[in-house]
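*Asks:* For reference, the chains in residue letters:
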Amino acid sequence: MQGFEVYSDASLWQQTLEQLALFWSFEDVNATWVLVGSLLLGMSASVIGAFAFLRKRSLLGDALAHAALPGVMMAFLLSGSRDAEVIFGGALLSSLLGFWIIDWLPKNTKIKPDAALAITLSFMFALGLMLLSLIQSTDMPNKSGLDKLLFGQAAAITSEDIQLLVYVTSAVLITVILFFDKFRLIAFNRLYAQTLGVSVRFYEFLLALMIVLSVVVGLQLVGVVLMAAILLTPIAAARFWSHQLSYLLLLAGIFGALSASIGAQISYIAPAMPTGPWIVVSLSLVFFISFLVAPQNGLIKRYLDYRRLRHRVAQENILRTLHKLLERNHFKRNDFTVAQITALRNIQIQTLKQTLKQLQKQGLVRELGGGFALSEAGLRRAIELTRRHRLWESYLSQHADLTSEQVHQQAEHMEHILNQEHEEQIVAELMQRLSDPHGQPIPPKNTLEEQ
Amino acid sequence: MPSIENWILDLWIIATASLVAASCAMVGVFLILRRQALMGDAISHSVLLGIVLAYLLAGTNTLWVMLTGAVIIGLLTAWLSESLHKLSRLQSDASIGIVFTLFFSIGVILVSLYTGHIDLDQECVLYGEIAFVPFDTVIWGDMETGTDLGPRAFWLILIVFTLVALSIAIGFERLKTVTFHPSLAVSLGINITFWHYFLMTLVSMTTVASFDAVGAILVVALLIIPASSAYLLATSLKRMLWLAIAYSQGSVWIGYALSYWLDSSIAASIAVSAGALLALTLMVIQIRKWIQQQHYAKQLQSGESA
Numbered sequence: 001m002q003g004f005e006v007y008s009d010a011s012l013w014q015q016t017l018e019q020l021a022l023f024w025s026f027e028d029v030n031a032t033w034v035l036v037g038s039l040l041l042g043m044s045a046s047v048i049g050a051f052a053f054l055r056k057r058s059l060l061g062d063a064l065a066h067a068a069l070p071g072v073m074m075a076f077l078l079s080g081s082r083d084a085e086v087i088f089g090g091a092l093l094s095s096l097l098g099f100w101i102i103d104w105l106p107k108n109t110k111i112k113p114d115a116a117l118a119i120t121l122s123f124m125f126a127l128g129l130m131l132l133s134l135i136q137s138t139d140m141p142n143k144s145g146l147d148k149l150l151f152g153q154a155a156a157i158t159s160e161d162i163q164l165l166v167y168v169t170s171a172v173l174i175t176v177i178l179f180f181d182k183f184r185l186i187a188f189n190r191l192y193a194q195t196l197g198v199s200v201r202f203y204e205f206l207l208a209l210m211i212v213l214s215v216v217v218g219l220q221l222v223g224v225v226l227m228a229a230i231l232l233t234p235i236a237a238a239r240f241w242s243h244q245l246s247y248l249l250l251l252a253g254i255f256g257a258l259s260a261s262i263g264a265q266i267s268y269i270a271p272a273m274p275t276g277p278w279i280v281v282s283l284s285l286v287f288f289i290s291f292l293v294a295p296q297n298g299l300i301k302r303y304l305d306y307r308r309l310r311h312r313v314a315q316e317n318i319l320r321t322l323h324k325l326l327e328r329n330h331f332k333r334n335d336f337t338v339a340q341i342t343a344l345r346n347i348q349i350q351t352l353k354q355t356l357k358q359l360q361k362q363g364l365v366r367e368l369g370g371g372f373a374l375s376e377a378g379l380r381r382a383i384e385l386t387r388r389h390r391l392w393e394s395y396l397s398q399h400a401d402l403t404s405e406q407v408h409q410q411a412e413h414m415e416h417i418l419n420q421e422h423e424e425q426i427v428a429e430l431m432q433r434l435s436d437p438h439g440q441p442i443p444p445k446n447t448l449e450e451q
Numbered sequence: 001m002p003s004i005e006n007w008i009l010d011l012w013i014i015a016t017a018s019l020v021a022a023s024c025a026m027v028g029v030f031l032i033l034r035r036q037a038l039m040g041d042a043i044s045h046s047v048l049l050g051i052v053l054a055y056l057l058a059g060t061n062t063l064w065v066m067l068t069g070a071v072i073i074g075l076l077t078a079w080l081s082e083s084l085h086k087l088s089r090l091q092s093d094a095s096i097g098i099v100f101t102l103f104f105s106i107g108v109i110l111v112s113l114y115t116g117h118i119d120l121d122q123e124c125v126l127y128g129e130i131a132f133v134p135f136d137t138v139i140w141g142d143m144e145t146g147t148d149l150g151p152r153a154f155w156l157i158l159i160v161f162t163l164v165a166l167s168i169a170i171g172f173e174r175l176k177t178v179t180f181h182p183s184l185a186v187s188l189g190i191n192i193t194f195w196h197y198f199l200m201t202l203v204s205m206t207t208v209a210s211f212d213a214v215g216a217i218l219v220v221a222l223l224i225i226p227a228s229s230a231y232l233l234a235t236s237l238k239r240m241l242w243l244a245i246a247y248s249q250g251s252v253w254i255g256y257a258l259s260y261w262l263d264s265s266i267a268a269s270i271a272v273s274a275g276a277l278l279a280l281t282l283m284v285i286q287i288r289k290w291i292q293q294q295h296y297a298k299q300l301q302s303g304e305s306a
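Heads up: the protein sequence lines correspond to chains A and B, in order. Under the numbering used here, think of the first position of the first sequence as 1, with each following residue one higher. Under the numbering used here, think of the first position of the second sequence as 1, with each following residue one higher.
Treat the hints with care, since some could be wrong.
As the list claims (entries may be wrong) - The calculated lysine-lysine pairs, modelled on PhoX-like cross-linking and capped at a C-alpha distance of 20 angstroms, are:
#, chain 1, residue 1, chain 2, residue 2
1, A, Lys112, B, Lys298
2, A, Lys110, B, Lys289
3, A, Lys301, B, Lys176
4, A, Lys110, B, Lys238
5, A, Lys56, A, Lys107
If you're looking for bench data, these hints aren't it; they were derived computationally from the structure.
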């Protein structure tokens with residue numbers, strides 16, 4: 001195998017590029033087939049994995065892939081051939097057996113679903129490895145290469161394997177398209193589907209069969225150990241970009257196909273490299289990029305939203321405090337020092353100064369002498385907030401039977417969230433109350449104009 | 001003809017395997033009870049990355065380097081899966097799956113990149129190499145003249161076994177409360193997070209110590225299966241721990257005999273025997289259930305006819 005030093009060699013880089021060029025020139029028929037196969041596999045596995053994910057059985061694929069191993073070894077041990085059909089048949093049978101065990105254990109014994117999954121996975125895998133070690137200690141012909149199923153090796157795939165792969169993945173994709181509505185219904189609301197008279201058991205079995213098929217057919221390419229990721233990671237990444245199932249499936253399919261083809265290329269350039277891990281690494285890359293930058297649910301976007309909200313809340317709190325000070329001074333003077341503000345509201349000096357600066361920039365607060373005063377626009381906004389705060393307090397004390405201290409805490413949060421519409425609804429509910437539970441007046445809507 | 005030397009080799013192998021199985025069983029009991037079987041699966045996979053990285057960065061494969069590397073990566077796996085679950089609002093098993101497949105992949109890639117440089121290959125990641133355990137020994141003192149203290153893997157698992165047994169013995173009451181009544185534990189002021197990560201540390205240490213013997217994936221079988229068998233029968237935590245240890249030792253003996261007879265991988269055979277013992281237990285339980293049902297049905301019938 002090639003070590004790291006060899007790669008840094010310039011001539012080898014060139015060789016790598018040439019290999020890549022050869023790969024994409026489609027002159028090597030085998031390479032082209034591997035590419036097609038990996039694209040199809042990535043697509044079908046991600047799409048079918050999406051349904052497993054939605055049914056909250058993300059790691060089912062992991063267990064089923066591990067469970068396929070003893071079947072493969074048994075099939076080889078009994079038949080002595082490595083034909084794609086034989087291997088496929090064995091894998092399919094033992095994978096289905098694994099599915100049955102995972103289903104049976106929690107229903108009939110004390111064993112919990114997660115333990116059932118881990119038991120099946122590790123036991124079947126151990127059985128497979130035991131059979132493999134048995135095979136390797138015998139002198140059966142063409143036994144070498146069976147261990148490539150563990151981590152997958154695209155370079156070792158035969159054209160026969162690819163044919164089977166193309167058939168099965170196409171069948172899976174077509175099934176999903178045909179039964180899309182039923183699958184969607186069951187994935188989101190199983191009970192509702194049952195009341196509609198849909199045969200849930202049948203479709204669930206069909207879905208499980210599709211999962212097993214995609215897993216089993218992908219073993220050559222991705223390997224037993226890492227099959228879980230190609231079912232799970234694409235849909236998890238897609239989820240950051242959209243909420244609509246058809247888009248989700250499309251995106252997951254694209255992510256899966258992309259990563260699978262990257263893995264296949266690396267395996268083609270460096271034949272000793274296992275394919276599965278590279279597919280998983282590229283998938284994870286897609287996942288973490290999506291996790292960070294997705295425009296609606298990405299971490300960065302959510303952090304920015306959170307910060308914006310925090311700033312707004314801080315600003316609104318200062319406006320309210322200034323208004324309260326104004327009220328206490330019976331609207332006689334309108335400039336207050338930092339000390340006066342902090343006496344009324346618990347806030348760090350540093351944050352307070354920053355927030356005041358922001359408010360000045362927006363023209364809501366003016367600096368007067370040593371103190372700060374509300375501008376007209378600021379006053380308007382402060383009155384609006386105070387009005388909402390007190391309306392909410394009154395609403396709560398009238399309808400939720402809370403004490404006056406409790407309502408204040410609640411209103412501190414709600415004043416930032418309520419909008420015009422809510423405000424009108426509360427006014428209609430309260431029927432012209434003029435003061436809040438603490439006895440302070442609720443400022444009417446157009447206070448400024450009246451004054 | 002089995003000579004004395006062969007006997008000693010066998011003895012080292014069985015002793016190592018017994019300790020591996022017993023430590024895994026004890027830790028596994030808590031994984032099963034806390035419904036974190038999948039976390040055990042995840043950590044045992046990721047530990048590979050910890051071992052490879054520790055080896056590449058430190059350049060040696062001393063016991064402490066390996067242990068530290070594995071514990072760090074193990075805790076990182078637990079922490080990352082949990083934060084991913086919280087931050088991205090993915091289901092917890094999905095976030096576990098994403099993290100451990102990534103770590104394991106990087107581990108496998110590093111292993112295949114540096115195959116010539118590390119005494120690790122894809123094979124031993126899978127099976128471990130318990131048959132070679134006796135040949136990698138710790139030597140006290142000088143390389144030439146020092147005394148041979150026995151296999152490295154044996155000493156590593158002995159240390160970890162002692163640590164696990166001691167922590168469970170000392171922290172027994174705390175662990176019990178945290179496991180069975182997490183909300184009571186919170187109200188008593190017990191730091192649940194600490195105990196969670198403490199358990200994860202134990203899992204990581206056990207996995208890395210078992211790595212030489214049984215590889216990264218078969219550890220899962222030893223963690224989960226004996227503990228599950230015990231879970232079926234046990235009525236108290238103490239009894240479950242003892243039962244799990246008993247099951248694990250049974251698996252080691254049967255598995256070793258099986259591998260001797262079939263000439264198969266020792267580690268895989270031990271894991272398969274653990275599964276077979278679980279299946280046997282399940283069968284006995286189901287048959288007893290069935291007999292009881294028959295009995296009740298008969299009683300019901302005779303009651304009706306009387």
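*Asks:* The structure should be examined with respect to each hint, and the outcome stated for every one.
*Replies:* Cross-check of the supplied hints:
1. A:Lys112 / B:Lys298: The hint is violated at about 32 angstroms.
2. A:Lys110 / B:Lys289: It holds: about 13 angstroms lies between the C-alpha atoms, which stays within 20 angstroms.
3. A:Lys301 / B:Lys176: Roughly 42 angstroms between the alpha carbons, so the hint for A:Lys301 and B:Lys176 is violated.
4. A:Lys110 / B:Lys238: 18 angstroms, holds
5. A:Lys56 / A:Lys107: 17 angstroms, holds
Against the hints set out earlier in the document, violations occur for numbers 1, 3.
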